[in-house]
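Using the sequences plus the hints, can you model the full thing?
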Amino acid sequence: MTQEMLAVQEAAEDAETRSAASPKKHNYKKNEVITAYCCLLPSFVLMMLFITLPLILSLYFSLFDVNYYLGNTFAGLENYGRVLFGTASKEFYRSILIGLEYVAMIVPVQLILSFLVASLVMKINKKYAAVIKVAIYLPCLLSGIVVGAIFSFLYNYEGGLLNTILEGVGLDKVNWTNAQGWAIFAVCIAAIWNGLGYNTLIMLGGLYDIPKDFYEAAKLDGANWWKQTVYITVPSLKNVGIYLLISLVVSSFQLYEIALVIVGAGALHSTEGPIYYLYYQFNYTKNMGEVYAASLIVAIVLTALSSVIFRLTSSEKSMD
Amino acid sequence: MDVITDKKIARDRILQKIGTAVLWLMGAILLVGSIFPFLWVIISSFKPVSEIQSIHFRFFPEVWTAENYANLFAGNSVYIPRGVSFVRSLGVTFAVAVVALVMSLIVNSLAAYAFARLNFPGKKVLWAMYAVNMFVPNIAVQIPCYYVATQLGLIDNFLVLVLPGVVYVWSIFYYRQYYLGIPRSLEEAALIDGCSRFGIYVRLFLPLSVTPFIIMGLSVFQGFWNAYIWPSMTVYGNVNLYQVNQIIAYFRNTQGTAWDMLLAATVITCIPLIVILLIMQKYIMQGIKITGIK
Chain A
995 MTQEMLAVQE AAEDAETRSA ASPKKHNYKK NEVITAYCCL LPSFVLMMLF
1045 ITLPLILSLY FSLFDVNYYL GNTFAGLENY GRVLFGTASK EFYRSILIGL
1095 EYVAMIVPVQ LILSFLVASL VMKINKKYAA VIKVAIYLPC LLSGIVVGAI
1145 FSFLYNYEGG LLNTILEGVG LDKVNWTNAQ GWAIFAVCIA AIWNGLGYNT
1195 LIMLGGLYDI PKDFYEAAKL DGANWWKQTV YITVPSLKNV GIYLLISLVV
1245 SSFQLYEIAL VIVGAGALHS TEGPIYYLYY QFNYTKNMGE VYAASLIVAI
1295 VLTALSSVIF RLTSSEKSMD
Chain B
2 MDVITDKKIA RDRILQKIGT AVLWLMGAIL LVGSIFPFLW VIISSFKPVS
52 EIQSIHFRFF PEVWTAENYA NLFAGNSVYI PRGVSFVRSL GVTFAVAVVA
102 LVMSLIVNSL AAYAFARLNF PGKKVLWAMY AVNMFVPNIA VQIPCYYVAT
152 QLGLIDNFLV LVLPGVVYVW SIFYYRQYYL GIPRSLEEAA LIDGCSRFGI
202 YVRLFLPLSV TPFIIMGLSV FQGFWNAYIW PSMTVYGNVN LYQVNQIIAY
252 FRNTQGTAWD MLLAATVITC IPLIVILLIM QKYIMQGIKI TGIK
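Chains as they are written, first to last, in this note's numbering: chain A, 995 to 1314; chain B, 2 to 295.
Hints may contain errors.
Stated by the list, open to error - Distance condition first, Cα-Cα at most 25 Å in a straight line; then the derived PhoX-like pairs of lysine-lysine: (1) B:8 / A:1121; (2) A:1232 / B:290; (3) A:1213 / B:8; (4) A:1121 / A:1206; (5) B:290 / A:1206.
The set of hints was computed from the structure by calculation and includes no laboratory data.
Structure (structure tokens):
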């Protein structure tokens, strides 16, 4: 009985504090505060342990020569210097360049293809479109390792499907996974297959959001399909496009698992992007400080890439 | 005059027909392109080893056989490393994904509830801290995270596969947004009836969270089922905890490829994901819409 009355009182107070919402005066209720901290405790502890603390440790250890046997000695910015200008820098820059190569090969193709496929799905009868949507999303569920496995089988030199087709057409067989020029190309095709469905569905969401009247008005003005696409569809997809661009750049730059399975250490390291570099260093380095420094530099490059894209595109937006 | 318009109409009709035909053709190509590589792996997984490795190409197996699957499950192949069992690894991966899924739903939604509904000192500061963590790139954290796991004595332990991936700040934001949309009148009635704040979470918010839980849960499960890098860093020394993707990657390494094992393992690993896609497609499509709007 008393409990019930207390609860009533509390509810009334609660309503009162909210209605007289003065930002400076807080009367917290002890029960509520305790409940709140208990609710936050598990996520807070895990977040600190596995996100915040590692970040701080990484910043801290990147300033040290970390040696398992000799202990840590303070090195200032030497680790960053070694990664950027020292003996290890050649491999580091090569991996960054390969990451950028992935970006250059995958991102434009993904954007254009996903736009085309999404426009196609828009035109198709709803019932069949649902089937296509599920089918193109299937590859997106698979891990990089599995995608790598599927495509290495297609790329197999002797008796692989792709080479059989090439031979059937009368062309020479290609050593997809070991030839210098072809290996990165082979990896990119697999990556595009892996990501296309997701990007298409995002595009499709953007297309559905464009009001139909825009097109009707344009038709009345005599605009053809091309003009409608250039003046209505593409500008309306700006936000979706920015989102896709950033997420594609970030994910392509970090492509790792697909290349690992398809190429492995073959093709003279022509597919080893930044993540490959970091994990290789992680496994074999004598000085972990360098790896921490390198991982922070990669993280900074990634953040910079996405913020540059964001700036560029949003500054354009403010103009129109 | 009439002749011209008739001709024009006829021409338009033909153009339209060609247009639809092209559309259908492109749709068909798309469908085949998306599914075919996978289908091809399924078909080939039923070939005996000699046929898989044969120079002579055959689309369908000459002899349909399930021996690759039998060998994989029985551990009957020289390519399977000592002490590794694919069946066990399937079980462990599934256990990791389910435990992580349940923990992630509870831990993140609890935090979201506190931020959406409770008043407490330091709310703004804490909210800002969570927001900052949302933008920390994974790559900056993963390697030092290994160090933290070492210090906690978690290496080669079941928990190391689960714990670091549980908190996903973006999902806290998503749940919070969802909870802010729930009318307060519901919980006021419960408060009057003497329900505690925590009781409200359990009896009111949890049952109302089914849809966001399914949407988020699907991607959490997928993430853990597909994990490769983190497990290969942290449970390297304990074959009992190997995840399925680690084993698949092992079947194709620098020494060579065990095609029979690779194909069978790939197909088996995909099955749960495909089943989920077919059953939950509605929620998956909804989830994609949400990430896109972000």
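Results for each hint:
Of the pairs offered as hints, the one joining residue 8 of chain B and residue 1121 of chain A is violated, with about 34 Å between alpha carbons and a cut-off of 25 Å exceeded. Only pairs whose Cα atoms come within 25 Å are accepted, and residue 1232 of chain A paired with residue 290 of chain B is accepted, the gap being roughly 16 Å. Straight-line distance between C-alpha atoms of residue 1213 of chain A and residue 8 of chain B comes to about 23 Å, which keeps the hinted pair within the 25 Å bound. Pair hint residue 1121 of chain A plus residue 1206 of chain A holds up; C-alpha atoms about 20 Å apart against a cutoff of 25 Å.
Distance hint between residue 290 of chain B and residue 1206 of chain A is fulfilled; the C-alpha atoms sit about 19 Å from each other, no more than 25 Å.
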